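Top to bottom, those sequences are chains A and B.
Residue numbers 1 to 320, in our numbering, belong to the letters of the first sequence in order.
Residue numbers 1 to 320, in our numbering, belong to the letters of the second sequence in order.
FYI, nobody ran anything at the bench for these hints, they're computed from the structure.
Errors might be hidden in some of the hints.
Identical chains share a label here; the pair holds if one copy fits it or two copies do between them.
Simulated crosslink set (DSBU-like; lysine-lysine; CA at most 30 Å straight-line) [what the hints assert, rightly or not]: (1) LYS203 / LYS122; (2) LYS247 / LYS96; (3) LYS247 / LYS122; (4) LYS203 / LYS303; (5) LYS96 / LYS303; (6) LYS278 / LYS122; (7) LYS96 / LYS203; (8) LYS278 / LYS247; (9) LYS96 / LYS302.
Just so it is clear, the structure is predicted and the values come from calculations on it, not from any experiment.
There are 2 protein chains.
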Amino acid sequence: MLAVFGHLNPDTDAISAALVYARLLTRQGVEAQAYRLGDLNFETAFVLRELGIDAPPLLPQLAPGSAVALVDHNESAQSVSNLSELDVTRVVDHHKLGDLTTSQPAYLRFEPVGCTGTLLLKLHLEAHLPVEVTDAKLMLSAILSDTLHFRSPTTTQADREAVAFLAPIAGVADVEAYALAMFAAKSDLGDTPAETLLRMDYKVFPFGDAAQPQTMQRWGLGVIETTNPAYVFGRQAELLAAMDQVKAEDGLNGVLLSVVDILNESNRTLVLSATEEKLMREAFGVETVGQVADLGARISRKKQVVPALEAYFAPGTPSV
Amino acid sequence: MLAVFGHLNPDTDAISAALVYARLLTRQGVEAQAYRLGDLNFETAFVLRELGIDAPPLLPQLAPGSAVALVDHNESAQSVSNLSELDVTRVVDHHKLGDLTTSQPAYLRFEPVGCTGTLLLKLHLEAHLPVEVTDAKLMLSAILSDTLHFRSPTTTQADREAVAFLAPIAGVADVEAYALAMFAAKSDLGDTPAETLLRMDYKVFPFGDAAQPQTMQRWGLGVIETTNPAYVFGRQAELLAAMDQVKAEDGLNGVLLSVVDILNESNRTLVLSATEEKLMREAFGVETVGQVADLGARISRKKQVVPALEAYFAPGTPSV
Ligand SMILES: [Mn+2]
Ligand SMILES: [Mn+2]
Chain A
1 MLAVFGHLNP
11 DTDAISAALV
21 YARLLTRQGV
31 EAQAYRLGDL
41 NFETAFVLRE
51 LGIDAPPLLP
61 QLAPGSAVAL
71 VDHNESAQSV
81 SNLSELDVTR
91 VVDHHKLGDL
101 TTSQPAYLRF
111 EPVGCTGTLL
121 LKLHLEAHLP
131 VEVTDAKLML
141 SAILSDTLHF
151 RSPTTTQADR
161 EAVAFLAPIA
171 GVADVEAYAL
181 AMFAAKSDLG
191 DTPAETLLRM
201 DYKVFPFGDA
211 AQPQTMQRWG
221 LGVIETTNPA
231 YVFGRQAELL
241 AAMDQVKAED
251 GLNGVLLSVV
261 DILNESNRTL
271 VLSATEEKLM
281 REAFGVETVG
291 QVADLGARIS
301 RKKQVVPALE
311 AYFAPGTPSV
Chain B
1 MLAVFGHLNP
11 DTDAISAALV
21 YARLLTRQGV
31 EAQAYRLGDL
41 NFETAFVLRE
51 LGIDAPPLLP
61 QLAPGSAVAL
71 VDHNESAQSV
81 SNLSELDVTR
91 VVDHHKLGDL
101 TTSQPAYLRF
111 EPVGCTGTLL
121 LKLHLEAHLP
131 VEVTDAKLML
141 SAILSDTLHF
151 RSPTTTQADR
161 EAVAFLAPIA
171 GVADVEAYAL
181 AMFAAKSDLG
191 DTPAETLLRM
201 DYKVFPFGDA
211 AQPQTMQRWG
221 LGVIETTNPA
231 YVFGRQAELL
241 AAMDQVKAED
251 GLNGVLLSVV
261 DILNESNRTL
271 VLSATEEKLM
281 REAFGVETVG
291 QVADLGARIS
301 RKKQVVPALE
311 AYFAPGTPSV
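Model the full assembly from the supplied sequences, consistent with the hints where possible.
Structure (structure tokens):
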């Protein structure tokens with residue numbers, strides 16, 4: 001039985017992709033079971049509630065050598081802790097290729113599109129398999145989530161076409177209204193503890209020269225995408241305290257929390273200390289005011305924030 | 001202009017895949033040019049002569065940041081020396097995933113099939129592009145070469161179906177006769193210098209714990225696939241001398257040269273010194289006699305030799 005799962009701190013794409021890919025493989029004769037690596041965020045909970053389906057179970061401890069399929073991620077820092085002991089036989093992803101290796105030839109399907117859901121639709125079409133209603137809504141939701149309904153610069157023509165193809169199958173007549181309902185659910189953060197908010201969409205990235213591991217830096221980059229940034233900044237002090245704690249717990253060089261205003265397409269990032277302030281200045285040319293750096297329209301961690309940090313930390317590259 | 005190339009010491013698949021993928025991309029609106037990373041072997045020269053086409057040019061020195069597409073390989077040890085400075089935007093391959101990383105999301109297409117040609121046919125079909133005659137014969141030749149006309153355990157149903165699909169387009173009425181002609185051309189080694197024979201189909205593999213680079217071993221694994229093993233063993237002394245020299249030049253822990261009898265489907269491997277003899281005994285349970293280890297039906301380096309060595313050198317694994 002192949003275990004299929006997305007990244008830690010799962011988002012809607014990580015959960016949807018695990019469910020959809022496990023079902024697709026099963027329909028193709030490969031027995032597969034979807035799992036998750038953490039709690040659902042409010043947006044994903046809304047999507048599953050709308051569909052009336054359960055979340056996939058938490059991934060149990062897998063024995064070394066177990067076959068696994070990764071979706072929506074490939075770097076070990078974003079995956080199950082014993083990934084290097086497992087046998088990765090399949091990956092469907094839309095992120096840059098990190099430190100993944102396989103012990104045998106495997107199925108790898110990476111494309112630079114906005115969402116794993118877009119790729120999974122392609123796999124259905126290539127296999128000449130009709131898309132089931134539930135799967136259609138899962139993929140649709142994931143694409144709207146990952147691309148912020150086409151607002152993100154990660155959006156491609158393939159993502160737009162996928163949404164146009166999936167919406168009628170999913171029975172979503174008004175895509176705009178459905179996306180706004182998803183984003184409202186995501187923004188309804190209530191009394192969620194600050195550390196939970198920080199870790200909701202949070203990834204650890206290694207930066208620097210992989211050939212010299214001892215010189216590399218590890219940064220934690222959290223994102224809160226919301227239609228209600230005022231609520232988040234109302235909890236700024238709590239969030240900064242949580243960032244300080246997470247930085248120490250995870251042994252990081254730095255931690256950032258970007259608050260992305262979905263509807264206004266802007267990013268104001270919480271900056272913890274002088275270390276992070278220096279990075280904002282040197283990597284983005286942005287001054288921090290009151291522990292907030294205004295990163296303007298850089299709303300995509302993947303396409304706008306991480307590449308700038310990669311370039312900044314790259315060995316031998318003059319920092320611009 | 002995207003540079004498309006296969007591995008060092010190119011075989012028929014590496015050359016064919018570069019030519020076919022560059023043309024496919026160009027037909028899809030991505031300007032691409034095929035290159036090679038070394039001299040043609042006799043089999044590939046035969047295939048191109050049959051088709052009346054030129055070999056792709058040698059890859060020139062590329063400026064850092066140049067966009068490249070890799071075919072039929074992904075590990076840096078088998079690629080251009082400054083690979084880490086280049087921007088890998090596409091990979092089509094059927095080997096295990098090694099140390100490749102990408103700086104941006106990329107197109108990666110890996111499947112555990114017998115040949116890159118099989119995957120390239122799939123890409124044509126998915127794109128609804130008719131296969132051109134030359135491309136059909138290139139892919140057909142590559143599949144026959146990589147699978148030793150279905151004798152290799154790397155052969156999959158997809159490879160067989162691809163050959164059945166391609167042969168009529170390529171105008172190859174008698175596939176068996178064409179394969180034998182290819183293998184005869186490959187076996188017609190004449191007065192080729194011993195080091196050239198050794199390096200013709202030769203790859204360097206890192207073994208051990210990548211997390212502890214200083215403990216890793218690097219082995220050079222050459223293969224001569226031939227219908228005329230007697231010729232090769234007639235030059236055993238010369239070949240052993242070349243192995244000794246290559247081992248020193250490349251700073252390797254060990255070097256092996258497998259002589260694969262295509263028609264009898266057997267592998268007798270030249271063993272240089274006590275180091276290699278110990279590996280034959282401990283990794284394969286095979287005793288070396290007169291500097292030759294009989295590896296029996298293990299005719300696939302990829303599927304039968306390298307995995308056994310991976311397992312043997314794996315950290316913490318008891319050597320069986
Ligand atoms: Mn995603
Ligand atoms: Mn190949």
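Query raised in the report: Taking each numbered hint in turn, which are not upheld by the structure, reported in ascending numerical order?
Result: 3, 6
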